[in-house]
Amino acid sequence: MASVTRGLLFVVGFSCLASLAVAQELPRWKFAEGDRLRYEVTQQTELEVEAGKAGDTSSFVMQTLDVVWFVDKVDENGTMTGTQRVERIRLEMRQPSGMEIEYDSAAETGAEGRAAMLSPLFDVLLATEVPITVTSAGEVTRCELGEKTVKQIASMPATKSMREYAAAEGLQAIAKQIALPLPAAEGESAKRKIDMTLAVLGTLEGEVVWTAEANEEGPLQFKPTLTLAIDASQVPEEIEGFAQPKPLQNASIRSQELTGEAQFDAEAGRLESSDFDLQLEIVGQLFDNEVTNHLRQLITVKRKQ
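If you count by mature numbering (1 follows the signal peptide of the UniProt record, and there is no 0), then the sequence shown holds residues -23 to -1, 1 to 282, one letter each, in order.
Just so you know, these hints were derived from the structure itself, not from any lab.
Note that the coordinates shown come from a computational prediction; the quantities given were computed from them, not determined experimentally.
Any given hint could be a false lead.
Here are the in silico distance ranges between beta carbons for each label pair [claimed, not checked]:
1. Ala131 x Pro108: 13 to 21 angstroms
2. Asp265 x Glu69: 31 to 39 angstroms
3. Met133 x Gln262: 19 to 27 angstroms
4. Gly29 x Lys7: 48 to 56 angstroms
Below, simulated DSS-like cross-link-like pairs (lysine-lysine); rule was C-alpha separation at most 27 angstroms, straight line [said to hold, decoys possible]:
5. Lys279 x Lys30
6. Lys30 x Lys7
7. Lys200 x Lys7
8. Lys125 x Lys200
9. Lys50 x Lys125
10. Lys279 x Lys170
11. Lys200 x Lys281
12. Lys281 x Lys7
13. Lys279 x Lys50
14. Lys7 x Lys170
15. Lys50 x Lys281
16. Lys50 x Lys7
The beta carbon of each residue, even a glycine, is placed where N, CA and C say it ideally should be.
Please construct the entire structure, taking both the sequences and the accompanying hints into account.
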């Protein structure tokens, strides 16, 4: 059965298409040297599994990251280069095994229990400034950990069973949640690919379309639509020394629903907020049991002063 812990630490990098449905000047991110853009990124994942004779289970993970973009340079095309830093990490987790974790890097008391096992990883992430490059159209062209940091994280015992969370791709996913993609030119759309790998289900692939709505005053409002498909042949690689859950057979998406909104301040050239509420019903077989997974993922991004 799927474990939502495999989504821990990093926001899923949902692919996006953005298009303007109203006639107006194309919006652009407007960076300036010396800017500090602060955002709070929250991902909440809820999973309920109905597995017949094998029983029902539920899992819950909520993580909140305070992220800062430090803008060092802006070129003639409006592309910024700078660094991304995570200033605070909050985590709440409940698993079918009875494991519970609560962690806040800003807490006065040190982490205890299982949270203490993750503290070294969190400490590295909090201490690391990651080089980042973002175009005025919201394309993240660079956001990567240095080789030394990657090796340091990979050597930690607590990360061996959750290798993908500690990968540089996770930091890119955070950046892409903040960097709302914008149309490159009138009549065009901006694309990114969805790639969400789950241990039991395989890889969910698709694209999100953010469509601008007419709005005479205030921030531009974008509404999302989404189509997903499962590639069950693509499952995470096995990790030596750790038992892997058995993948579902014949997994398919029975239903999917997406609601949400992004607000972009075109005058200031920055994202004000976005929320993304995805609900999936995924069915398949595990041994002789029909299994139904009810997966809900909520992602919110809020600009901080």
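Status of the hints after comparison with the structure:
no., hint, in the structure
1, Ala131 x Pro108: 13 to 21 angstroms, "19 angstroms, holds"
2, Asp265 x Glu69: 31 to 39 angstroms, "35 angstroms, holds"
3, Met133 x Gln262: 19 to 27 angstroms, "36 angstroms, violated"
4, Gly29 x Lys7: 48 to 56 angstroms, "55 angstroms, holds"
5, Lys279 x Lys30, "43 angstroms, violated"
6, Lys30 x Lys7, "56 angstroms, violated"
7, Lys200 x Lys7, "22 angstroms, holds"
8, Lys125 x Lys200, "40 angstroms, violated"
9, Lys50 x Lys125, "25 angstroms, holds"
10, Lys279 x Lys170, "23 angstroms, holds"
11, Lys200 x Lys281, "22 angstroms, holds"
12, Lys281 x Lys7, "17 angstroms, holds"
13, Lys279 x Lys50, "24 angstroms, holds"
14, Lys7 x Lys170, "24 angstroms, holds"
15, Lys50 x Lys281, "22 angstroms, holds"
16, Lys50 x Lys7, "12 angstroms, holds"
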